[in-house]
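Work out the full structure: start from the sequences and follow the hints.
So that you can map any letter, position 43 of the sequence shown is 34 in my numbering, and since no number is skipped, the others follow by simple counting.
Hints were generated in silico from the structure; no laboratory data involved. Misleading hints may appear alongside valid ones.
[Unchecked claim] List of simulated lysine-lysine pairs, DSSO-like, C-alpha gap at most 30 Å:
| id | residue 1 | residue 2 |
| --- | --- | --- |
| 1 | Lys61 | Lys44 |
| 2 | Lys90 | Lys44 |
| 3 | Lys90 | Lys61 |
| 4 | Lys94 | Lys61 |
| 5 | Lys94 | Lys44 |
Everything numeric in this text was worked out from a predicted model, so none of it was measured.
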Amino acid sequence: MQATREYLEGRLQETRDELTQLDERLESRGDYGLGKGDPLIVRWELNLALREKIEQRAEQLEDALERLAKGDYGMCESCGRPIDPERMEVLPQTSLCIKCARKAEQTVSGG
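And the structure:
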């Protein structure tokens, strides 16, 4: 359990470092407006989208650390069954087993 905590904390720190780097890139935004177009704005918008995804990963890692502290880490929040260890290795922040994750994805995508 200690090794898992250290691993999650390490991943969380890496993720926070990525957020800091992206924040620095987002400080300078190209000038654009009606009739203007700075090609750097596309890169800025991509960095903004990337930041949102990384911020979401950080929140998921924080949640995983909380689940670990409560003793719920590795259990699916939807069905309550254990999450496959291989899935946990690839996505340590996951809170859903593959079956429930697929169901959730179908619900979101309207499938």
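Comparing the hints with the structure gives:
1. Lys61 to Lys44: holds (26 Å)
2. Lys90 to Lys44: holds (22 Å)
3. Lys90 to Lys61: Cα-Cα ~23 Å, so holds.
4. Lys94 to Lys61: holds (26 Å)
5. Lys94 to Lys44: Holds, at about 21 Å.
Violated hints are absent here; each numbered hint is respected by the structure.
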